[in-house]
Structure formats: structure tokens, C-alpha cells
Amino acid sequence: MNRCTPVVRVILLVAAFASAFYPRQRVQAAQVAPVVQDPISAAIAHEDAGRYAQAAAAYRQLLAQALASRDEMDQIALALLGLERVWHESAQRDSIVPVVNDVLAQRPGDPVARSIQFRALSAASRDEDLRLAFVAWRRAVPDDAAPWREYVRTLMSMGRPLAADSVLANAARVLGRSSELTGEVAQIAATLDRWNDAAIAWRTTVTEMPWMEMAATFSLQRAPDHARDSIRGVLSAAPVLLLPRRLLATLETGWGDPRRGWAAIASVRTDDSTLTTWTEFAERAEAMGSWSVARDVWRALYERADDPAVGTRAAQASLAAGEPLVTLDLVKRIGKNLSAERRAAELLEIEVQALGELGRAQEAAQRVAAADRYLDDAQRAELARPLVGAWLRAGNVERAREAATRAGALDDDQTIGWLALYDGDLVEARRRLVRAATRDAALTDALAVLARTRTERHEGLGAAFLAVARRDTAGAVERFARIADSLPDAAPALLATAARLAGTMHNTPAAVRYWERVLSQHAQAPEVPEALLELARASVRSGDTAAATRRYESLLIDHQGSAMVPQARRELERLRGRVPEGFGA
Amino acid sequence: MIRVATSLRTTCAVLMMCVMLIVPASLTHAQSLLVPMDDAQRNHLKAYGLAFQAIKSAQRAEWLLNYRGGAFLLPDAADLRRRAALDGISIEPVSDADVARLRSQIAGGNMDAVVLERAPRVAIYRPKDQPPWDDAVTLALTYAGIDFESIWDDDIMRGDLSKYDWVHLHHEDFTGQFNKLYLAYRDAPWFIAQRQRDEATAARFNLPHVPALKKAVADDIRTFVEKGGFLFAMCGATESLDLAMAAFNVDITGPFSDGTPVDSDADARLDWARSFAFRSARIESSPYVNALSDIDGHQVNVPARRQPLGTFSLFDFSAKLDPVAAMLVQNHRTVIPDFFGVTTSFNRAVLKPGVTVLASEPGAPWVKYIHGDYGQGSWTFLGGHDPEDPQHAIGSAPTDLSMHPNSPAYRLILNNVLFPAAKKKPRKT
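Protein chains in written order, with numbering that gives the first Met the number 0: chain A, 0 to 584; chain B, 0 to 428.
Think of the hints as simulated: they come from the structure by calculation, not from any bench.
Treat the hints loosely; a few may be bogus.
Unchecked claim - Interface residues of chain B toward chain A, partial, derived using beta-carbon atoms under 8 Å: (1) Leu85; (2) Tyr142; (3) Ala187; (4) Asn289; (5) Leu400; (6) Ser401.
To be verified - Counterexamples of contact, computed for chain B against chain A with all Cβ distances above 10 Å: (7) Gln58; (8) Met156; (9) Ser161; (10) Arg194; (11) Arg196; (12) Glu198; (13) Ala202; (14) Ala272; (15) Arg273; (16) Glu360.
Glycine is no exception: its CB is placed at the ideal position from the N, C-alpha and C atoms.
Bound conformation, chain A alone (with noise of 0.2 Å):
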């Protein structure tokens, strides 16, 4: 080199860079070997490739390397751990047993060497090698439980949840304590379904060890009915834990009650942890649509914590739960330390919309009246909906419109089309409605009408729309049913409007008759299937098998082109037995 002139130097150099930075693929699709250095690089190379016969070369002289040096303990396993795997790939899973005993030889106590002794000899089904073993690694480390546990989980993944059950029955004895194995106490108590022993295992687990929650979650999900009891009772026992309690709470909930995960955790002494759990748990109700209890939560967390977000996530909750008047209390409780301002920006549109559910429309509108100056016009637009809304729950048409003018809510399709089907302006609502720009229940409803008949005014369809905007359902439900005769066009969909309202109400009797006429007076209309389903159900819930199977044969039979086939058969399916319980509708 020191005889290059400096040309040629220069063309070694770029060579140089450019070999450096030449794609890898390009290298490999050249077939050129990859110049590795060490023997971890070479073997974790060769696996990579394929090439196990060549790994297990390099992790073997990588081993000896490590055990020369005696003080490699990482690259003992990292060797031990790649000969197990590219052994296994190349079907010679016993040869790692050789290599292993080699090691142990001069470290016995090793528990990564021990751990993949023990899965090479499980795996051969050489059950007293396997014991030996773990008597071996016993004597080495006489006071450490891991090979109690390792021999525990061997024997369980061997499907021998008994003898893994004696085991640790022995560990107890001879280590004098059992608190480091309560997992796999646990484990095997649940899998042998003697949950009250599971329960107890997991409750000192999950309080020792908080990172197992999630399996004692999976553990004793599945217990069976008559087994939560005594779960319950061992994870609410005294004294009162976080830990455990949060346990019991998800348990709870995955069982379907969360009103019991929340009673389970309400009573833990608060504490920053605490708190976290319940704000977790509120969450999860919320996600659930619990909406009473994650208001309960909420409040809870509000009365310990005084944050005005939290508190207004529980108006909010309670709104959503249907409890305006506790909505209302709450917003005052909350409002009290907000600045005026700041009331008309969270608080101002709950406490709008829990007085509407109320049908208290003046106080309403006197809140919006107070706080308008701090009203920018979006928030203005906002608030227009709830106060039409409350308006027409107290049954004032009229202070509705005024509303929504005095908003500028005048463009908005579904609040002038909701106003002009209260008018009985048809022609007007159904312009209008179309167009809105959500769809929700009573909108689908009001259009499925609307799109029945070609009257153009009518007031009493009207009213009957706005006895449902005022929560008078048995109302409406008179209503639809009345007017049914004198608008004959709609006349099905105006009964099977006032079947479902009477449904919702649980007024089975006239939700029957209601279906029944439209069976008998309209034979040929659109909702005669699910007339049919519908009267299959009642007739379900009364016990009256022969006539709901004679509805839903009906249904299935002469109109098999109606959506409501597939759930029709499906539900006679699980009346006649053949399709298991717990499944379908």
C-alpha cells in the first residue's frame, strides 16, 4: 500500500465506501457468504438462514468459549437458548440433553440450563430423567423455589395437574413457606376447579406479585355460577385490599355486573392507586353503556378529588342514565367554584338538556338568556337543538320556533323538519327530514310515516309525533293507533309505530293487539314480517310454544325474502333445541 500512488489510493478508497454502503440484498443475490466475525453473529446468521447445522456449530463454540471463560453467565444461556431452538427446528430436539448436562455439570444451580433440561426431557417423555433432574437442581440451590416451579410448570404443561398438585404440596413443607409458588398454586386449583383454593392462592399472588392480575383475571373468569360465591367471598374478605378487590371488580364486570365491580371496589380506603382504578373502572362502565354506575363512579371520584372535569363527566353520565334531576344537582354543586364564564362553557349545555328532559323549557331558556354574553355564536348554534328540544317536552311548539330562530337555527334541516311534522305540515317535514343530517331512531321512524302517505297536513299526526318529543309515550301510543284509521295509506306503519312504543313501555297486551291488526287489516303490508316476529316473541315469553312456532313458520315461509328471516330462523331454532342456549338473539 505504501507503494500506491495517489490515484490508485484514491479508487481503493471509493471502492471502499462503496462496497460499505452497497445494499445488503444486492450482496446476498450475488451469493456472497456474509463476512461475520464472532461466533454469536455467525450463529444468529446461520439461524436466520436456515442453516441450523452451522448455527448449532457456532452457538457450540460459542459455549465453550463462555464455559472456558466462566464468567460469561449471558452468553452460557444466549448459547444454550439458540442450541435449543435450531435443534428443535432441525428435528434433534435430544441433542440439546447432552449439551445441557455438560453445562450443569460445572454450574448445577444454572436455572436458564436447568429450564431448557427440563422442557428437552418433558418433551421426550422421559418422566424420571425429569425427576432426577429436578431432585439435582434441588440439592444445588436447597432454599430457592425455582425449581419447585419450574418442575410445577413442566408437569402442568404435561397435562398432570395432580402430580404438579403434590409437588407443591411438598415445596411447602420443605421450603418452609409457600408464598413464592401461590401462581402455580393457584393455577392448579382452578385447573382442577376447586375455586374457593384458587381464590385464595390468587389473592396473595395478585397482592404480592400486581403484574399477575391479568392471569388470575383469565384463571377464575371461567368459574362456573355456583363457584363465585365463594370467589367473592375470599377476595372481599377483610382486610379490604386494592389488589384483590380490583380482581374481584373485573371479575364482576366480565360477569356481567358491574353495579358488583363497583360496590367491590368503592369500599377500598382511597389513595392515589385507588382513585386510578375507579377513574379505569368509570371508564370501562362507560364503554359498557352502565351509565348509572359509571355515574356513580364519576361522583364518587368528583367528591374526593373536587376536579370540575370529573364532575362534569358524571353529569354527564347521569344524564345519560336518564337522571336529569341528579344531573341538574351535580352541575349546581359543580358550578359553584367555576367562574361564570367557564359555567357557560362545560356546564351550560347539560344543564340545558337535563331541564328539557324535565319539561322545565322557561329555566332553560333563562340559563341560555343569562350566560349569552359569554356565548360565541358556534356555542349558540349548539345549544339551539336542546332548547328546541325542551321547548317541545313542555309542549310549546311555538317557544320551540322562537328558539330556533333566535338561534339561527333556521337552516337546520332535521330541527325545522321535526317543527313542521309537530305543525302537521307533512309536506314540509318530509322536505326537511330528509335532508337531516343524523339519523337516529325516532327520525327513521317519523320517515318511515312520512313516506307512506301523500296527505299534506295533518295535525293529528302531529301531535302524535310530539307526544313521543315529550316523553309521553302511552300518549303516542293512542295516538298512532287513532289516527291509523283516517290516514289508511300509513295505517301499518302508523300501528306498528304504536306496537313498538307500546314494546318499548313493555305494555305487551297492546303491543300484541296493535301486531295483530296489522296482520289481520293489512295482510300485504311491509311490516307484516316483523308483525310476525314480534307476536313469535310474545308468544315465546308467554310460554306458548305452538304459537310462536306457528309465527315464525309463517314468517319463514311466506316471506322469505324479508330481512327478518335469518333472525327468525335462528330464534326457532332455539326454540325447537337445536341450536344450544346462551346463543342466537
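Please build the complex by placing chain B on the supplied structure of chain A, with the hints as guidance.
Here is chain B on its own, set in the frame of chain A:
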């Protein structure tokens, strides 16, 4: 030559017209229902129930082997149309002319039409109070709406097997070792109840223990097949039945079941002439290894030996020359995902020479689905527990077949229910 052919065609046409004028209008317009069993079928499993209903009500039914996935040709009867509508079964009304074309097509290919003559009397070996959700055959028959009766040890010991044409066994352990579940579940209430029930039955028949009872039951089943019965077995019943029959005079059960150790020379003394499917298998004598023998290729309950699930392929058979095997493999799929059971598959090495392999996993040393004759009857074994719950475990949720109306593996079970109804005397190639 062309002129002769043209003239012949003209004559035929004239004759056909004359025939159509003479034959009453009602007959010329008679129709049938074709129940397709290819991908046009919305509910394959219920379609078997429809065919079963037709033969049960003494209507003519034909099974069109290898035609559109093994379609059925049924009369266009109101009750059948009604049931098809109720069950969501796809049917295609066809005219006599369509049927004639269809028959011509069948005559020219590896297809055949088999008349289904009489609804077989079906029995399932299961405790009478057991819910139907833990046995693939009970599930399939219940869902398809095929009538069956439950028979259990007492009935068989009283000789009731002769009342039936078709008997099904599922995961019963006929060696009397409770599938070696004693090791893991001896304290479980359901296991204790099962054990007490079987011990009480053994005592009623003056038999010393459960293995003796189950061997006696197995021998009655062997006699049933020998005299012309049809047997279909799945899961652990396949392996344990053959072992129990071969071990009629040998103790192959551990002391936890009969109080005495396994005979030291048990393997050598097994009498394989008494078994249906297997020979030269070796029993697993260790009570700690949850396997009965080396018959099963997958050994699901022995972690060290467990083999992964793959897929199995159904073989093609000549519909005209080997109709029985052809019936048993009728399907709209030929490659089917495998599923575990106490016995999942059967090692080729232990199959008897005359056994017909109906399905196997390509390249694997085991087969999945086998059939054979014994005496005047025949038997079929299908490995695995529940085709739509491949990793089924004790306590798993029951399978809802309305979620699997096109299950190809469940079709194999239902093929077995219908084939005893076939009129044609089977001829083996």
C-alpha cells in the same frame, strides 16, 4: 350416411311428439326438487335432514353422487318445499326434461344416482340425560332434524342394539379407563358422578368393574356390526373400541380402573382378529401418559408427543363401482382443516390391510377417515372430536351449528347417516 342420420332424427322427433300427445299432461309437467350440495347450497347440513324427511315419509329420494357436491333429487312435494323454506335450504325445481338431461350427464361421468330407500333407525350411544352439545354427531343430527334415539350401557346389555340400523359412538373409552381423565379430574364432581354411574351399571350386570362392563358393551357392538349393522365412530371411541375388542381376554387397564396392573405381555396377547380397523398396535400402559395406544397419530393429550393440526384431503372414488366409499366422501370441499380429539387420527402403520382410507393428511404418517366391512355390516371411523371446534377442551362452550351451516367436516358425519338408506348393494372395487 348423413341423410340416414337426419332421417333417424326426424323419426325420433315425430315419435317424441306422439308420446307427448299420448302421455297425460299431469305427468309431462311433473317436477322434482334438486337440492344442490355445491356452493349454491345455503345450508348443507339441513339439506341432509330434508332428504331424511323424504325417505322417512316414503317418498322417492335419490342421492346424485359426485353431481354438484352430492346433490339430492327429491319429489316436488309440498311438505318438502315447506321444510326447505323453514330451514333455509336451497332447492331448485326441475322438470322431467331437466332430470333426463341430468341423468344423461350422470351416465357419462364418474357419477351415479343412488336411490335412498328407507330411513335408517338411528341410535347414538350416549347417556340419556346428557345435553346434546358435547358430541358432534348428536349436534349434527339435532341441527339437521334427523330422528335418533339414545342408547346406553343398560340398553346394549339388554340386547337393544338389534332395534337399530345405524349406531354412533363418540368419545367413550371402551377400555373402561375413562380416557385416563382420572389423572387430572378425579376430584371433579362430573367425573365422580360418571364413575359412580358406570360402576353401578357394572354391578347391575354382575361385572366386577367398569373395564369389564365396557368390554362387554364393545363385544355387543362388534356382534351388531357382524350381523349387518352400520357403525360410525368418532374421537376416542374409534381407538378404544378396537382396543377393547382386541383385549377381550387381556387386562390392558391400569390399577386405577380395575384394581390390577396391566398384563405384562398384554401387547403380545391382543387378538386383532376381533377388531375392525387396527392391528399390531401397542398399548400405552403408563397411567401417567394420557393416551391409550400408539394408534392415534396426534396424541393431543401427551404434550411431548402432540402433533400439530394440518389439513386432510378426501379421496375420489368411483361412484359407479365403489358407491359406498363415494357416498361417504360426498362434499363441496376436498381439503378440510383438521381438528383434535382424544383420538385425532390413525397411524397408517397399524391399519389392517382391507381398510379403505377415505381421507388423509398428505405426507403425514396418519390418516383421518377410514371405512371397512366386518361380517355382514360395515364401520366407519372419523378421528377428532368437533370439526368446528378444532382445539375443543373439557368445559369449552358448545358449538352452535347454525353458525356453521356449510361445514364440510360435519357433512362427513351426515354422509354416514344417509348411506345405510341406500338401496343399491354396495360393491367394493
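Here is how each hint holds up against the structure:
no. : hint   : verdict
1   : Leu85  : holds, 5 Å
2   : Tyr142 : holds, 5 Å
3   : Ala187 : holds, 5 Å
4   : Asn289 : holds, 6 Å
5   : Leu400 : holds, 7 Å
6   : Ser401 : holds, 5 Å
7   : Gln58  : holds, 19 Å
8   : Met156 : holds, 29 Å
9   : Ser161 : holds, 29 Å
10  : Arg194 : holds, 15 Å
11  : Arg196 : holds, 19 Å
12  : Glu198 : holds, 20 Å
13  : Ala202 : holds, 27 Å
14  : Ala272 : holds, 31 Å
15  : Arg273 : holds, 30 Å
16  : Glu360 : holds, 18 Å
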